[in-house]
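This is what each chain is made of:
There are 2 protein chains.
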Amino acid sequence: MVGASRRPGKVGYMVLYNLKNSYRGPIYPVNPNATEILGLKAYPRVLDVPDPVELAVIVVPAHRVPEVMDQVGRRGIKAAIIISAGFREVGEEGAKLEEKVIQIARQYGVRVLGPNCLGVYSPSTGINTMFLDPEKQSLPGNGPIAFISQSGALGAALLDVAALRGLGISKFISIGNRADIDEADLLTYLKSDPHTRVIAIYIEGVEYGHVFRQALENTTPVKPVVVLKAGKTSAGARAAASHTGSLAGSYQIYNSVFRQTGAIEVLHTEELFDVAQALALQPPMRGDRVAIITVGGGSGVMATDWLSELGFQVPLFSKETQQRLRKILLPIASPRNPVDITGSGTEDHMAESTRIAIESGEVDGIFLIPYFNIATMTERLADLMAPIAQKAKEMGIPIVASVTGGQKSWRIAKLFEAKTGIPVYPGEHRAARALWALRLYGKWLQKIGRL
Amino acid sequence: MVGASRRPGKVGYMVLYNLKNSYRGPIYPVNPNATEILGLKAYPRVLDVPDPVELAVIVVPAHRVPEVMDQVGRRGIKAAIIISAGFREVGEEGAKLEEKVIQIARQYGVRVLGPNCLGVYSPSTGINTMFLDPEKQSLPGNGPIAFISQSGALGAALLDVAALRGLGISKFISIGNRADIDEADLLTYLKSDPHTRVIAIYIEGVEYGHVFRQALENTTPVKPVVVLKAGKTSAGARAAASHTGSLAGSYQIYNSVFRQTGAIEVLHTEELFDVAQALALQPPMRGDRVAIITVGGGSGVMATDWLSELGFQVPLFSKETQQRLRKILLPIASPRNPVDITGSGTEDHMAESTRIAIESGEVDGIFLIPYFNIATMTERLADLMAPIAQKAKEMGIPIVASVTGGQKSWRIAKLFEAKTGIPVYPGEHRAARALWALRLYGKWLQKIGRL
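From first to last, the protein sequence lines are chains X and D. Its first residue numbered 1, the first sequence is counted upward by one per residue in the working numbering. Its first residue numbered 1001, the second sequence is counted upward by one per residue in the working numbering.
These aren't lab readings, by the way, just hints derived from the structure by calculation. Where is the CB? At the ideal position from N, CA and C, for every residue including glycine. Treat each hint with caution, since some may be false.
The list that follows gives simulated cross-link-like pairs (lysine-lysine, DSS-like), each with its CA atoms no further than 27 Å apart [said to hold, decoys possible]:
#, chain 1, residue 1, chain 2, residue 2
1, X, K136, D, K1408
2, D, K1419, X, K136
3, X, K10, D, K1327
Derived list of chain D stretches under chain X, where covered just means 3 residues or more per stretch with a C-beta under 8 Å from a C-beta of chain X [as the list claims (entries may be wrong)]:
#, segment
4, 1144-1156
5, 1301-1315
6, 1370-1384
Which chain X residues stay away from chain D? Per the calculated CB distances, all over 12 Å, these [claimed, not checked]:
#, residue
7, E54
8, K78
9, P144
10, Y208
11, G287
12, A386
Kindly generate the complete structure, drawing on both the sequences and the hints.
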């Protein structure tokens, strides 16, 4: 930790504070004016650190980074994260400094993340190089989503959102100026990372288009990649240029690359996680036919609208399947599709309808709409649905759910999600878009002969 | 309360229970087999109730409703809410029964809401005829949004959502089969309701198109009307037909009517409240130019994209205004537009930038992006921003905000919203759509010469 500080509030203090709280391995603060920081023995220079070291985290002022990088290289450390700002993003002088740092790193074979970044957060290893104040924001726990962000501030805020939503993260990587390691490198790494099932990326622009394209092409057959591209309009591209200095480029080109490589492009930050969660929990969808099973007729109508607009079919069930459904449902229920179990329907009605729909062979995906604010719809649904969800997964039939409701409903919905692995969204439109992503990825895998 | 029950869980019990808990005036349970229910003296028949009565709430089985309505009429009660189901929605027999009930009501001049509805929830008067279980769902407090729903179950679930979001409701009206009172009647009523500033409607289809159209035309010059229309696609229309029995009709016609009458059509349930809240809190927007003031560059880029796609401009500020901004901002900040105060920017930077933008005369609306997870952005922003928001409102310049963050951020965001009257949304796309609605309503008022 080069540039560790004793002064609370300073970046060099916060990084050490957070790292110490989450990482179980040895940490060596480097500071020429301290012998101990936060209870850890401090060293005047990188060269003075005794043990073998795997990673250097650098927060010293920009002009001191070349000297530090030289010591890092000489010390045999093979990886460095440069948190410090004041490089390419501040103009020509900074760009020259950045080049110099990277030259030194290359000379010693050091791979560099940053500069001008938050670094890495990895819940499974406890590595957390971010200077975020835990009093002001939370971090998500361990989980299947890797998240790469070109914007540090946005990335941090989105980690806070992920924590609120109860989503799990395998790795968060803030790439900053990406003077060495870039999105393409990270895709290649995450493709083989056993902790990562889905990769989510926020980008404004990439520097080496063909390399990025190649990395996408190599990754999507193995794991889904969800991309949020900012700077799509000309005004947005101008704003991106003054933010990350990215040439946002022609959006048409990005859009084509995403379609041609099977990357799933999402529309906004909410959808980035909505879709990543669906892809992490549910199998890709093999066809366009969806069964809607709802306690609320109105929500069934809206789900039908959204699914139709996204290219799905909501086919009427066959006479036989309607017959099977009719037997287990209330007389006032509708077995057609949407299956409206009505507000008097029970957990059993919803679970059994789902089982019948899966077994019918007439649909490729299931869209559940349980309202947890009604008396007959309780936590019991999760227990009934868990084995059915498991069976559907094995059959390659994805299930998503939409819940409209308040605090009490969401407590149950989150339990339901945890027990069944069925992602739950606050609205038909969001669940429909999640299913759309599962279908888009399914189509891609079918196209390349992997499904 | 005709059909009041002593058995917890029954509709006739829940309605009385909820009504008793919220309404301060006298309530008369009617039940031939009870002398007292929930501590209230009960009467065998409506005709036996002693005092003048203003409203009859009817929950008896469908076949008994004609007899009850006759007594309601003879008793001189001028308004009735029929909660009971088993009318037109169950087929021809039910339709005949419904007709009979309405004939009796008309004979005595009784206006009827329902049947097959939840009735009314009015926080200001305490009238609550809904049979919802307070253990399972919450209700919003008093506020400026009137909400009409053709679907009872969806309406209830959305009230729960409104409570979770801290939105205030003036009246919630579930119209059910709308055998007498329909959307058009309610628009006419709510137009003059002093507690209502915005009207939000969920509909699948209307029966008398020209009457509805006329009611919209009369209402929108006075108050904004936000409409969520379900059953837009052919599959959705089919689902609507089996839900509320509505002929969803050609969506193109609805869409034209909304555009021609100045009603604001939204895309989904989240947006229904997003937009209603914006219209309740902020003035209609007079032009297309927006200033974005952000602590996060990435969010500024995404906001620019969304605004551009929705027809707004994010113009570069003039040299003079950039000069004024540069004086108060950090050297690393960007004063162009988006104004990026950066993650090191303070509450003062955001407030002062807003003031300068408003005074510049160069923009018609403001889009704020405070990240409350960063150290320098605290609750203090609300105090600094309150007078500026007030001034902007007087100038007819709307302000919306987007916050990306977790639980701690949202606690501050909600305080900010309450103190400043600036609606806060969880994402640039949603704040942009809220501003779009303010502009759409502004354009409408300009077109009819009211702005």
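Each hint, compared with the structure:
A C-alpha spacing of about 6 Å is found between K136/X and K1408/D, which places the hinted pair at or below 27 Å, so the restraint holds. With a CA separation close to 20 Å, the supplied pair K1419/D and K136/X stays within the 27 Å bound. Under the criterion of a C-alpha separation no larger than 27 Å, the hint pairing K10/X with K1327/D is consistent with the structure, at around 25 Å. Only residues whose C-beta sits within less than 8 Å of a C-beta in chain X count toward coverage, and the segment 1144-1156 of chain D has 7 of them, enough to reach three; the restraint holds.
Counting residues of the segment 1301-1315 of chain D whose beta carbon lies closer than 8 Å to any beta carbon of chain X gives 10, which reaches the threshold of three, so the coverage claim holds. For the segment 1370-1384 of chain D, the stated coverage by chain X holds: 5 residues have a C-beta nearer than 8 Å to a C-beta of that chain, and at least 3 were required. Look at E54/X: its CB is around 29 Å from the nearest CB on chain D, clear of 12 Å, so calling it non-interface holds up. Every Cβ of chain D is farther than 12 Å from the Cβ of K78/X; the closest lies at roughly 30 Å, confirming the non-interface assignment.
The non-interface label for P144/X is consistent with chain D: the shortest C-beta to C-beta separation is roughly 20 Å, beyond 12 Å. Listed as a non-interface residue, Y208/X keeps its Cβ farther than 12 Å from every Cβ of chain D; the least gap is roughly 21 Å. With a minimum CB-CB distance of about 16 Å to chain D, G287/X clears the 12 Å threshold, and the non-interface call stands. With a closest Cβ-Cβ approach of about 22 Å to chain D, A386/X is found to remain outside the 12 Å limit, as its non-interface label requires.
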